[in-house]
Amino acid sequence: MYYLAAVITVALILFLPRIGLLARIKDYRAAKEREQMEDALKHLLDRENQGRHATPESIAGTLDIARDKVTRLIENIEAQGLIESRGNNLHLTAEGERWALHVLRAHRLWERYLADEARMPLNKIHGEAQRREHNFTEAQLNELDAALGHPIRDPHGDPIPSREGKMNRAEGMSITAWQADRPARIVHLEDEPALAYQQILAAGLRLGQDIRIIEKNPNRYILSDGESEFKLAPAVASNIFVSAIPESEMLKREAIPLTELAHDQRAQIVMLDDSVQGFTRRRFLDLGLTPGTTIFPELTNFFGEPRAYRVRGTSIALRNDQAAQIWVKPV
Amino acid sequence: METISPNDILAKAETLRNSLSTGFRDEIVKSIYSEAERVAHRAVKTASDKKYDLDQKIDRLVTSPWTGLPLMLVLLGIIIWLTVSGANVASEAIANLLFGLGDLGRNLFNQIGAPWWITGFIWDGVYLGLAWVISVMLPPMAIFFPAFTFLEDLGYLPRVAFNLDWLFKKAGAHGKQSLTMAMGFGCNAAGVVATRVIDSPRERLIAILTNNFVPCNGRFPTLIMLATVFVASAFPPALTSFIAAGTVVGVVLIGVAFTFFMSWLLSRTVLKGEASAFTLELPPYRKPNLGRILYTSIIDRTIFVLWRAMQTAAPAGAIIWILANIPYGDANLARAIADWLNPFGLILGLDGVILLAYIIAIPANEIVVPTMMMVYMGAGMMIDGPGTSAGIFDLLVNGNGWTMLTAVNLMLFALLHNPCATTIMTIYKETKSWKWATVSVVITLGLAFLVTFLTASVARLLGWA
Amino acid sequence: MTNIKINLPTEHCETCPAFTQLEQMGIKVGDFDRVIALAGNPNTGKSTLFNALTGLKQHTGNWPGKTVTRAEGGFQFNHVKYKLVDLPGTYSLLSASQDEEVARDFILFGQPSCTIVVTDATALERNLNLVMQVMEITDKVVVAVNLMDEARRKGIEVDARSLARDLGVPAVPVTARTGEGIATLLSTVAEVIEGKIAVKPMRVEGTPEFQKAVNELVPMIESMAPGIPNARWLAIRLLDGDARVQKAITSGELGGIVQRQRQADAQFSRKMSVEGRQ
Ligand SMILES: Nc1nc2c(ncn2[C@@H]2O[C@H](COP(=O)(O)OP(=O)(O)OP(=O)(O)O)[C@@H](O)[C@H]2O)c(=O)[nH]1
Ligand SMILES: [Mg+2]
Chain A
1 MYYLAAVITV ALILFLPRIG LLARIKDYRA AKEREQMEDA LKHLLDRENQ GRHATPESIA
61 GTLDIARDKV TRLIENIEAQ GLIESRGNNL HLTAEGERWA LHVLRAHRLW ERYLADEARM
121 PLNKIHGEAQ RREHNFTEAQ LNELDAALGH PIRDPHGDPI PSREGKMNRA EGMSITAWQA
181 DRPARIVHLE DEPALAYQQI LAAGLRLGQD IRIIEKNPNR YILSDGESEF KLAPAVASNI
241 FVSAIPESEM LKREAIPLTE LAHDQRAQIV MLDDSVQGFT RRRFLDLGLT PGTTIFPELT
301 NFFGEPRAYR VRGTSIALRN DQAAQIWVKP V
Chain B
332 METISPNDIL AKAETLRNSL STGFRDEIVK SIYSEAERVA HRAVKTASDK KYDLDQKIDR
392 LVTSPWTGLP LMLVLLGIII WLTVSGANVA SEAIANLLFG LGDLGRNLFN QIGAPWWITG
452 FIWDGVYLGL AWVISVMLPP MAIFFPAFTF LEDLGYLPRV AFNLDWLFKK AGAHGKQSLT
512 MAMGFGCNAA GVVATRVIDS PRERLIAILT NNFVPCNGRF PTLIMLATVF VASAFPPALT
572 SFIAAGTVVG VVLIGVAFTF FMSWLLSRTV LKGEASAFTL ELPPYRKPNL GRILYTSIID
632 RTIFVLWRAM QTAAPAGAII WILANIPYGD ANLARAIADW LNPFGLILGL DGVILLAYII
692 AIPANEIVVP TMMMVYMGAG MMIDGPGTSA GIFDLLVNGN GWTMLTAVNL MLFALLHNPC
752 ATTIMTIYKE TKSWKWATVS VVITLGLAFL VTFLTASVAR LLGWA
Chain C
797 MTNIKINLPT EHCETCPAFT QLEQMGIKVG DFDRVIALAG NPNTGKSTLF NALTGLKQHT
857 GNWPGKTVTR AEGGFQFNHV KYKLVDLPGT YSLLSASQDE EVARDFILFG QPSCTIVVTD
917 ATALERNLNL VMQVMEITDK VVVAVNLMDE ARRKGIEVDA RSLARDLGVP AVPVTARTGE
977 GIATLLSTVA EVIEGKIAVK PMRVEGTPEF QKAVNELVPM IESMAPGIPN ARWLAIRLLD
1037 GDARVQKAIT SGELGGIVQR QRQADAQFSR KMSVEGRQ
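Protein chains in written order, with our numbering: chain A, 1 to 331; chain B, 332 to 796; chain C, 797 to 1074.
Any given hint could turn out to be false.
[Claimed, not checked] Just the calculated beta-carbon pair ranges, DEER-fashion:
1) R1040/C <-> E229/A: 50 to 56 Å
2) N1011/C <-> W638/B: 55 to 61 Å
3) R1040/C <-> N135/A: 24 to 30 Å
4) R253/A <-> I335/B: 44 to 50 Å
5) I245/A <-> N1011/C: 51 to 57 Å
6) R999/C <-> T346/B: 42 to 48 Å
[Unchecked claim] Cut-off 27 Å, straight-line C-alpha distance, at most; resulting in silico cross-link-like pairs (DSSO-like, lysine-lysine):
7) K877/C <-> K853/C
8) K603/B <-> K124/A
9) K1008/C <-> K763/B
10) K376/B <-> K1008/C
11) K618/B <-> K1008/C
12) K361/B <-> K329/A
13) K32/A <-> K603/B
14) K853/C <-> K376/B
15) K124/A <-> K361/B
16) K388/B <-> K950/C
17) K343/B <-> K1008/C
18) K853/C <-> K760/B
19) K343/B <-> K853/C
20) K618/B <-> K950/C
21) K1008/C <-> K361/B
22) K124/A <-> K252/A
23) K69/A <-> K32/A
24) K361/B <-> K996/C
25) K996/C <-> K760/B
26) K618/B <-> K252/A
[To be verified] Some chain B residues close to chain A (C-beta under 8 Å, calculated; not the full set):
27) E423
28) A424
29) D496
30) F780
If you're looking for bench data, these hints aren't it; they were derived computationally from the structure.
All residues carry an ideal CB built from backbone N, CA and C; glycine is no exception.
Using the sequences provided together with the hints, build the complete structure.
Here it is in structure tokens:
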């Protein structure tokens, strides 16, 4: 009698659909498999954006899994019609690219969420988003997107794919069309033709560099990053794409964070840092912390934090990590 | 006419949004504020602001690095000292009056020849329960509520949050949690509702789950009575009220320490996450409206809380009387249950009667002490002047074998044990989850058992008890 | 409980009728003629004003965030019954934390006959932010400039007329604690509801590109939900990507609201016709 009951119980625990142990293990394995597949797709997309090809080796390296497992993984994905291999190179199919963009969107939206709403430090959000990006439906992502107020960039400044799966690529114009004395930031280096690309890299120019045109004539361009000069033929230079340095960075150069103000030292708010987004930014604005507002620290407590600042006739206490995101200019 | 669907509108809004520059919300708020500046500038004339200078001076004192925290302790001490010393006198007077009335009533019933069980049920059950609750609870509340509301109306509470936020941040919680704790002194259920001022759901949940470590007004009288009768009685009479107040302050601080510890633990385990944004407005000090304070805190809150306690005290009194009058073995049922619970109680440094009282008082645990006293008395002990400290001391120590350990552990238990039924319901309503309501009970009760067990064991090992 | 009748001091009130009477009705708000919402920044005295009008004892305290839920009470003024709704304080209608959501939803979807925005006379500039946001949603706004006693103590003078002229809605100085100015406030509210005072709320323009975007969206919203009172505000919120408003639009909640408002209108006109016959 007891024996029978015990057997039934064990059987139930093991085999009960959905909540039984075996069902759970199966669910878990399925989820793990999907995760690996999505990571592989993302890797392919990443490579394609960089203009390089993904290979089984590069997948093994990025996902940190054994070679034989990679082969099985690739076969599996190929069978689903998401990638196709040409020789050793792997390519995303249209369907595969759609899926990869979906995962990328999930990843970057989660990063935005973690940075804005959960206020995680920037160096932690990538790992956490990596864990959370899987197993989301389109509808769930749309909801997250709406709740975050439709952000267009992730906290690292990379574009978030839109709901139609379009990527707002970093725009920019060729430096040959750029005004001579205006500072610029390199946003894209055209890799075709390869020879020009090699020359650009050899000269020491890289993505994200801030440069200025020193001299331009039909024979050559001279660019400078403030320290060294780069000489390029116009045909080569036309492969460098630049855009304006964000206004916020220009402003920041002449400002100090609010935390550095001395007691009772009056200052004017220059701007809120770009890294303050979401709820915190809205709250700051609502409290009247808008550019141009006069502010000064008025109270500090035993621990040195929070400090209270007088803004628009009211005393408002802020923690130091938040105050550091408000840029001010002493007056 | 062509119809426009909601989705058309959303799609249109999205394209338009993408065409706008990103900082457009900043722009809206900025233009509203600059408009507000202009309007206000035209409508408001400010002479030199002397009041601001005064406010500033006070604030420098109240929040300054060296005076801010000590001043908080001093204010807490003053409020509790006022409560303890005032309540001591008043409680005795009220107890004498009510117990005297009870004797009269009992005699009257006896004279008119009412059956013993009616007389007993009414005067030794229901009436006694009410008399205890009123005499133990009314005076402390009538002093504490107004004193506390005075500080609240003055504008002191946000300064407390300002002074303590750093500690909360370290514990992974929100500085406004201290505001909700302050509300918890009045009533934990109110404290739980007040957590809505915390924006982040995670930090709000931490504040909800730990609110119970602030002794509410229902539990204060227990602490005050024990501190006066036991701890303070070991000192010269002149010091009694100070020692008692100091003890209660100590217990409150232990509660605060547990709050920080639990918040820290929760934010490292089940409620993981970083501290969120903290913005707190420190309003100017305002002159409290004394008449209003007295009226609302006494008529509104004290009577309200007391009434609630009385509603559970009356049936509890009845139950105890019945239990104490059902013969069982060679004693009665109440004794028997208490004896049965006794080993368990002793492990925790308490005794069986205390546990029985806690079980009977589950609906509203502010009536624990009254219930306990009734069980002790109902079980045959007669004492004279039950309202005086000496009388209670005599009853508990000589009559029922209490030691200092019993008193200390009962205080700790009263501080830590589970929230009352109303608070549990409120937690459920605010979190919409039975899971969190259950967690709140498990955490508090578990901690109460653990801590009392540890103190009892240590005390016994060291030979103190 | 019997209702308490109070004769309000009217000597400083230019527009009031000779006789005004306030009757506090506590929580007895069975049938009422009008609904008034009390909005405002935290800690500006909304609950104090609410208590003064209804005779209830909503808790007050000198810290922002004392009220976190909606409270309702009633009063009768010059023989008209009002339901008064005390809302949690909010800095704006944009952030929407939990207590603020309560306030915002009521102003937006509760369709009050009039919204009193209670402001702090000693920090008017900060408070006007919310006033202007409320005026984006509804025209029926009266600004109560509260804490006048504090302002006087601090040597601050507020020119309510200049304020009213700039804002385009009435502004009434009051001291909720003593009852000063409350009679004027109530008769002003009545006149705004009855349309005797014309309101023309100031609207913040914004950048040209922003205006263009708003102007493109407004007709679409209006043709989807004809008669919607605050299409402009909804358009702004949609441009800002407000999830709550997006949901209201797709779930058809908006249509329901408009309908409810029509019903109220119908009721009102029926009442007019009934009264007209008498
Ligand atoms: N001197 C003075 N004090 C006032 C007046 N009105 C309100 N107060 C005080 O201001 C404080 C805040 O009042 P409340 O009515 O609680 O403010 P509230 O707007 O309801 O605040 P929240 O509920 O937090 O949004 C209380 O201490 C009141 O006593 C007034 O007219 N004069
Ligand atoms: Mg309030």
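These are the hints, each one checked on the structure:
no. : hint                           : in the structure
1   : R1040/C <-> E229/A: 50 to 56 Å : holds (54 Å)
2   : N1011/C <-> W638/B: 55 to 61 Å : holds (60 Å)
3   : R1040/C <-> N135/A: 24 to 30 Å : holds (26 Å)
4   : R253/A <-> I335/B: 44 to 50 Å  : holds (47 Å)
5   : I245/A <-> N1011/C: 51 to 57 Å : violated (33 Å)
6   : R999/C <-> T346/B: 42 to 48 Å  : violated (24 Å)
7   : K877/C <-> K853/C              : holds (19 Å)
8   : K603/B <-> K124/A              : holds (13 Å)
9   : K1008/C <-> K763/B             : violated (43 Å)
10  : K376/B <-> K1008/C             : violated (37 Å)
11  : K618/B <-> K1008/C             : violated (50 Å)
12  : K361/B <-> K329/A              : holds (18 Å)
13  : K32/A <-> K603/B               : holds (24 Å)
14  : K853/C <-> K376/B              : violated (34 Å)
15  : K124/A <-> K361/B              : violated (32 Å)
16  : K388/B <-> K950/C              : holds (15 Å)
17  : K343/B <-> K1008/C             : holds (13 Å)
18  : K853/C <-> K760/B              : holds (23 Å)
19  : K343/B <-> K853/C              : violated (48 Å)
20  : K618/B <-> K950/C              : holds (13 Å)
21  : K1008/C <-> K361/B             : holds (18 Å)
22  : K124/A <-> K252/A              : holds (25 Å)
23  : K69/A <-> K32/A                : holds (13 Å)
24  : K361/B <-> K996/C              : holds (22 Å)
25  : K996/C <-> K760/B              : violated (42 Å)
26  : K618/B <-> K252/A              : violated (43 Å)
27  : E423                           : violated (41 Å)
28  : A424                           : violated (42 Å)
29  : D496                           : holds (5 Å)
30  : F780                           : violated (31 Å)
Against the hints set out earlier in the document, violations occur for numbers 5, 6, 9, 10, 11, 14, 15, 19, 25, 26, 27, 28, 30.
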